[in-house]
Amino acid sequence: MELRLFWTVARRELREALRNKWLWLYAAGFAALALALSRAGLSAAGYSGLGGFGRTAASLINALLLFVPLMGLSVGAAALAGDRERGTLLYLLAQPVSRAQGLGAAGLALAAAGGGSASIYLALAGYTLLLALTALGLGLALSALTRKAATAAGAALVAWLGLVFFADLGLVGATLALRPPPSGLLAWVLVNPLQTFKLGAIYSLHATLDTLGPAGQYAVYRFGDALPILLIGVLAAWCAASFGAAWLLFARRGDA
Amino acid sequence: MGTGTVTAQPGKSSADAQAETVRVERVSKRYGQRAALRGVTFTAHAGEAVALWGANGAGKSTLLKAMLGLVQCQGEILIGGQSVRRAGKAVRRLVGYVPQEMAFYDERVRATLGFYAQLKGVGAARVDELIDRLGLAGHADAAVAALSGGLKQRLALAVALLADPPVLLLDEPTANLDAAAQQDYLRLLADLRTREGKTILFASHRLEEVEALADRVLLLEQGELVVILTPTELLARVLPEVELTLWVPADRRLEAVNTLTGSGWSAHANGRGTVVVRVRAGHKAQPFQALQARGIAVDDFELARGGAWN
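Protein sequence lines correspond, in order, to chains Y and B. The opening position of the first sequence corresponds to residue 1 in this note's numbering, with each subsequent residue numbered one higher. The opening position of the second sequence corresponds to residue 1 in this note's numbering, with each subsequent residue numbered one higher.
Just chain Y, with the same shape it has in the complex (with noise of 0.2 angstroms):
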């Protein structure tokens, strides 16, 4: 019974997820971007396959920094707020619904409508969802603060922006300025998910120590073999804490 409403959700959810132009814009400008990457990569290469960490896979890497976590937050910032402010959301939960499957329901039928693209690189597949899941974590959170749609989406682009640009440049900063300890500077990366993703994603593809960065060499030194459990153990801790937070905001709010 219970399965059965949470399914019933999810799918109608999944439905409503699909026909967000946004996602679909971004998993658009990915694919376009992601494929002439790969194509001006293997030309200058003059072969195909998985060639390791290279120009290709550093840019992809690169991309999916960037379209991951804006795919994520707006579509998860969009869920909630969008709902509310079209009265959905009070209509499903004014039914026989809890909160929590309303909650989640919105996050595996979103999850599975970003899935698509995320699929794209099956190397990276398993960050790369651990990833998305954050940023719809985070998204769905902020959808759960605020009440309009309109302020979720600018909530979740200045989110992107602190996530991909202010964290990198305060770790550029930090290190120029303090002059941190390589364990400080992993530290440093382990809070900000996306680095977390960066630092896996170019390990998972036998990258060279150069290409690691001081913190990754660091890293390779302190855990060895166990280093891709320590970065999946945070990015799924990260994407436990993101969906415990918009599950606590969302139950908190108390409406709809």
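Since the hints were made in silico from the structure, they are not lab data. Backbone N, C-alpha and C define an ideal beta-carbon position, used for all residues, glycine too. It is possible that some hints are incorrect.
Claimed, not checked - Just so you have them, the derived chain Y footprint on chain B, three or more residues with Cβ under 8 angstroms:
no., stretch
1, 86 to 92
2, 101 to 107
Stated by the list, open to error - Distance windows between CB atoms, simulated:
no., chain 1, residue 1, chain 2, residue 2, range
3, B, SER83, Y, TRP24, 40 to 46 angstroms
4, Y, ARG253, B, GLN33, 15 to 21 angstroms
5, B, ASP184, Y, TRP24, 38 to 44 angstroms
Stated by the list, open to error - Below, simulated DSBU-like cross-link-like pairs (lysine-lysine); rule was C-alpha separation at most 30 angstroms, straight line:
no., chain 1, residue 1, chain 2, residue 2
6, B, LYS152, B, LYS89
7, B, LYS89, Y, LYS148
8, B, LYS152, Y, LYS21
9, Y, LYS148, B, LYS152
Once you have looked at the hints, place chain B on chain Y.
Same frame as chain Y, now just chain B:
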């Protein structure tokens, strides 16, 4: 007229014997410094229609949402004997809700009903039954967005009735309907109440809605239930005075004014050669009787409800 925690309609003895379906006890809700609900207490029985009357911001919609568990509040709300706070989902199975603003997904009528039917664990046969019953058969494959306001309201009622709940909550049920659709819809609701014994609670600010449907009226002011009235009492309270313009022979006009003021009414002769008198709604015949007793004939009259004093 009752106040506070009155539980049954005056003169409706059968209600006492019927099951109590809704119990609201000392329900309060604050939004920051503003009190949206202040210790609201009332009950409603099977087959009873109760109107929530009040100005915008009086707390009508908040109370309906609290009864659905959509707003966390202090106090206790029991529907069908179950606590909204402790068993929100179970309670929502007993309640059909029709919001003021129809908010449907971008689907066709049958698909929309099908989605909510799945949520409520109801089969396709019930969907077909309600489509026929609520006059939606000709629109079953139409997009919801293309429906008129009246048809959307019927669709919302169909969704509310899917699980055949004993309680219906309606927020301004005819606010978006034209006069014909309004009468039609009110007849439908009255039928649900009388034939199926549904308890209907509806927020309203339209007198015709209350007159047509309500057994009792809960008057809310700034979140407080100030009094429980019959529809007739509400009418007298909302429209406390009417203005009568009387045509009396010119030579008796001054005497007519003196007679009326002497009887306690506010009256005067106006520039049109008529006598204007204000009386309480429900007592409009009394000035005629007073003038007749003095042998003053009234040739004609005009009636204005709540109009300006001349």
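Status of each hint after checking the structure:
For the stretch 86 to 92 of chain B, the assignment as covered by chain Y holds, since 4 residues bring a beta-carbon within under 8 angstroms of that chain's beta-carbons and 3 suffice. Counting residues of the stretch 101 to 107 of chain B whose beta carbon lies closer than 8 angstroms to any beta carbon of chain Y gives 6, which meets the minimum of three for the stated coverage. A C-beta distance of roughly 44 angstroms is found between B/SER83 and Y/TRP24, which places it inside the suggested range of 40 to 46 angstroms. Between Y/ARG253 and B/GLN33, the C-beta spacing of about 18 angstroms keeps the proposed range 15 to 21 angstroms intact.
For the pair B/ASP184 and Y/TRP24, the beta carbons lie near 42 angstroms from each other, so the given range of 38 to 44 angstroms is met. Distance check on the hinted pair: B/LYS152 and B/LYS89 sit about 25 angstroms apart at the alpha-carbon level, within 30 angstroms; holds. A threshold of 30 angstroms between alpha carbons decides the hint, and for B/LYS89 with Y/LYS148 the separation of about 26 angstroms falls inside it, so the pair holds. Straight-line distance between C-alpha atoms of B/LYS152 and Y/LYS21 comes to about 26 angstroms, which keeps the hinted pair within the 30 angstroms bound.
About 24 angstroms separates the Cα atoms of Y/LYS148 and B/LYS152, which keeps this hinted pair within 30 angstroms; it holds.
The structure is consistent with each of the numbered hints, conforming to all of them.
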